[in-house]
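Novice: Residue numbers (my numbering), protein chains in the order written: chain A, 112 to 479; chain B, 112 to 479.
Just so you know, these hints were derived from the structure itself, not from any lab. Take the hints with a grain of salt, since some may be wrong.
The list makes no distinction among identical chains, and a pair is therefore deemed to hold if it is satisfied within one copy or across any two copies.
Distance condition first, Cα-Cα at most 25 Å in a straight line; then the derived SDA-like pairs of lysine to any residue [stated by the list, open to error]: (1) 461 - 149; (2) 290 - 221; (3) 417 - 469; (4) 461 - 416; (5) 256 - 282; (6) 417 - 437; (7) 461 - 343; (8) 305 - 252; (9) 199 - 438; (10) 453 - 473; (11) 293 - 174; (12) 341 - 259; (13) 327 - 461; (14) 290 - 257; (15) 160 - 422; (16) 293 - 454; (17) 453 - 405; (18) 341 - 454; (19) 293 - 446; (20) 290 - 446.
What you are looking at is a predicted structure, and each value in this text was computed from that prediction instead of being measured.
There are 2 protein chains.
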Amino acid sequence: MKRRTLLAQTGLGATALTAAATVKVAAQAPVSSPSQPAIRWRMATAFPKSLDIMFSTIESLCQQVSDMTGGKFVITPYPVGDIAPAAKVLDTVTEGTTECGCTISLYYTDRIPALGFTGGIPFGLNAQQQNAWLFYGGGLEATQKIYRTLGLINYPAGNIGGQMGGWFRREIETVDDLKGLKIRIAGLGGSLLKRLGAEVQILGPDEILPALVAEKIEAVEFLGPYDDEKLGLHKATRYYYSPSWWEPGASNELLINLNQWQTLPQDYQTILQLAATEAHHKLLARYTAANSAALERLLANGVQLKTFSPEFVQATYQAAVAMYEELASQDPQFREVYQPWKAFRSKIHKWNRVNEMGFATFAFNAGN
Amino acid sequence: MKRRTLLAQTGLGATALTAAATVKVAAQAPVSSPSQPAIRWRMATAFPKSLDIMFSTIESLCQQVSDMTGGKFVITPYPVGDIAPAAKVLDTVTEGTTECGCTISLYYTDRIPALGFTGGIPFGLNAQQQNAWLFYGGGLEATQKIYRTLGLINYPAGNIGGQMGGWFRREIETVDDLKGLKIRIAGLGGSLLKRLGAEVQILGPDEILPALVAEKIEAVEFLGPYDDEKLGLHKATRYYYSPSWWEPGASNELLINLNQWQTLPQDYQTILQLAATEAHHKLLARYTAANSAALERLLANGVQLKTFSPEFVQATYQAAVAMYEELASQDPQFREVYQPWKAFRSKIHKWNRVNEMGFATFAFNAGN
Chain A
112 MKRRTLLAQT
122 GLGATALTAA
132 ATVKVAAQAP
142 VSSPSQPAIR
152 WRMATAFPKS
162 LDIMFSTIES
172 LCQQVSDMTG
182 GKFVITPYPV
192 GDIAPAAKVL
202 DTVTEGTTEC
212 GCTISLYYTD
222 RIPALGFTGG
232 IPFGLNAQQQ
242 NAWLFYGGGL
252 EATQKIYRTL
262 GLINYPAGNI
272 GGQMGGWFRR
282 EIETVDDLKG
292 LKIRIAGLGG
302 SLLKRLGAEV
312 QILGPDEILP
322 ALVAEKIEAV
332 EFLGPYDDEK
342 LGLHKATRYY
352 YSPSWWEPGA
362 SNELLINLNQ
372 WQTLPQDYQT
382 ILQLAATEAH
392 HKLLARYTAA
402 NSAALERLLA
412 NGVQLKTFSP
422 EFVQATYQAA
432 VAMYEELASQ
442 DPQFREVYQP
452 WKAFRSKIHK
462 WNRVNEMGFA
472 TFAFNAGN
Chain B
112 MKRRTLLAQT
122 GLGATALTAA
132 ATVKVAAQAP
142 VSSPSQPAIR
152 WRMATAFPKS
162 LDIMFSTIES
172 LCQQVSDMTG
182 GKFVITPYPV
192 GDIAPAAKVL
202 DTVTEGTTEC
212 GCTISLYYTD
222 RIPALGFTGG
232 IPFGLNAQQQ
242 NAWLFYGGGL
252 EATQKIYRTL
262 GLINYPAGNI
272 GGQMGGWFRR
282 EIETVDDLKG
292 LKIRIAGLGG
302 SLLKRLGAEV
312 QILGPDEILP
322 ALVAEKIEAV
332 EFLGPYDDEK
342 LGLHKATRYY
352 YSPSWWEPGA
362 SNELLINLNQ
372 WQTLPQDYQT
382 ILQLAATEAH
392 HKLLARYTAA
402 NSAALERLLA
412 NGVQLKTFSP
422 EFVQATYQAA
432 VAMYEELASQ
442 DPQFREVYQP
452 WKAFRSKIHK
462 WNRVNEMGFA
472 TFAFNAGN
């Protein structure tokens, strides 16, 4: 009787974050499994708690692992800075200071450009295409080969989806407007803008608004409406450009020390991997919902939405292709991922033009 | 040493279906957990083994559950017809003949129209939007409330993504061409075409080609290039229309008998739910990759790709809206899902026009 009452209470009225929370209450208590090993891991992350969607999705990943092992396998996530700065999370895991980390590869593309293929690259794949490439197009295998040279194994752990092109103090008409522009942007998007004459800086979330206010930077590529609004970027800039050419399907990943990974029982490995996969997709769904609402608020607050001109997009696309071809000619590791990726992209674009574009062009504009 | 050799062998050369397979070999053997309960469930499915992507993804879901419980929680999936026909999988689980089932709600919308919101409805949400709505827009809660009245709990377990509009023996210019058209199509898409004068039939996968050849039907809405090619539909029809207005983000689901669900320990509940979620996203990634390749083969084989005319799309859209408003006025269960769904759709379309459409319009056509 008590169980039924709980189910009714939690299932019908509550606005639980996920349906899991809705129904879990009604279950039997987990059975203690004394023969499963108790494992405690630490996870360094590249994200502050203020990026609450990002950080709480990572917390939820860790919670799922604990839930699925009856509390035996516990991973504690630490915000950026507690163990390492964002740009050092990878190193922390390589060195074994922490058993695992959650970060975005954009912080490491200066050292290893090929890592951009997991985090997101200019004019790369959108979220849905990226998943097809990672899981069924050879992408995860190709990137795991690279990470293995660093003593790591990687799993996708949070697709951020298509975001915004950034905040600009003045209008951007042509690529010439990028010359001398002081802009905050990470990853190969940053490398691209550097080639086009911009003065690129990488700043952590908390440093961005003060730098804008002090006019140390004039433009910011960060995330999407939800996080950008929290950072208050609309208070210090005027123009909000779309879309994000710089990383159309940006994505976080779980990095695990390979030696530590190999000590895990098979069931724990599968559990950790599936929790990461769920976080990967969950983050996109959360951001899609949250950004929809935040964009509406920002526009109501007077933010001016702008679209990069066709001329600008064409010129940055050509520059991106030139950069990739140059990297591929110089860097065998980059080439090995880039060549098959390019062939996959061409094929998937043809299919998505047929099944997705025609529908979206009509339906996204109908009846709203 | 042996572990390292295995890792090298499996990690570098093999084309494992998932990266999990790549690395699992190197793990410790799973630890036996005698205190976890041994549970054996049967799963009725709506899919034949010949739909190999669909069926093997369900097999993989069951395998993951077994892997994560060290072989303690075993679910055996049965192809359509072994336990129940496609249109009776839901009943089988409601009655408790099987503990769970995997099906698509399109088979049940004649009885309960509101179930269309999980399986896919004409001019509904695309895959990415559907996930945002289900997991963070109140969708899963709303549909779980409906399924609960049937003694079931539902979890998304396989998004099929944007498919095709169907195979037609003759060209379709206006909605008048639908009058008297003998077409195979399920769900609310079928209801819509019936309203527009078509003679709608629901046929199982194995019945479709024979019916086309015998001219019992003249048109078929089924799935996407990969499955359609396997069925040989291109041998009996000429025109392949895009895109699928009928169910833009079609989706399978796991149905679990609510009493059985409540007997599961919490950790098994989380494990089953995450395995379903992984299958949900995995199916989309598999189809996206496989359909890309299959479309190329079909076109090389002389299939004529067509796009529904703007006039046709506009008219079917208006008819769909009229149908929804009518259902909402008559059916409180439908109304309760439809009203907030419509508001969510409007908001998400605005955001996706900003972040996805501009990018896709350029990038899907660039450099291919």
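Novice: State for each hint whether it applies.
Specialist: A quick look at each hint next to the structure:
no.	hint	in the structure
1	461 - 149	neither (49 Å within a copy, 47 Å between copies)
2	290 - 221	within (21 Å within a copy, 61 Å between copies)
3	417 - 469	both (24 Å within a copy, 11 Å between copies)
4	461 - 416	between (30 Å within a copy, 12 Å between copies)
5	256 - 282	neither (42 Å within a copy, 49 Å between copies)
6	417 - 437	neither (31 Å within a copy, 39 Å between copies)
7	461 - 343	between (39 Å within a copy, 22 Å between copies)
8	305 - 252	neither (30 Å within a copy, 47 Å between copies)
9	199 - 438	within (24 Å within a copy, 56 Å between copies)
10	453 - 473	between (28 Å within a copy, 16 Å between copies)
11	293 - 174	neither (40 Å within a copy, 52 Å between copies)
12	341 - 259	neither (36 Å within a copy, 38 Å between copies)
13	327 - 461	neither (43 Å within a copy, 33 Å between copies)
14	290 - 257	neither (34 Å within a copy, 58 Å between copies)
15	160 - 422	neither (39 Å within a copy, 50 Å between copies)
16	293 - 454	neither (35 Å within a copy, 40 Å between copies)
17	453 - 405	between (34 Å within a copy, 18 Å between copies)
18	341 - 454	between (39 Å within a copy, 24 Å between copies)
19	293 - 446	neither (31 Å within a copy, 52 Å between copies)
20	290 - 446	neither (29 Å within a copy, 55 Å between copies)
Checked against the numbered hints listed earlier, the structure breaks hints 1, 5, 6, 8, 11, 12, 13, 14, 15, 16, 19, 20; every other hint is satisfied.
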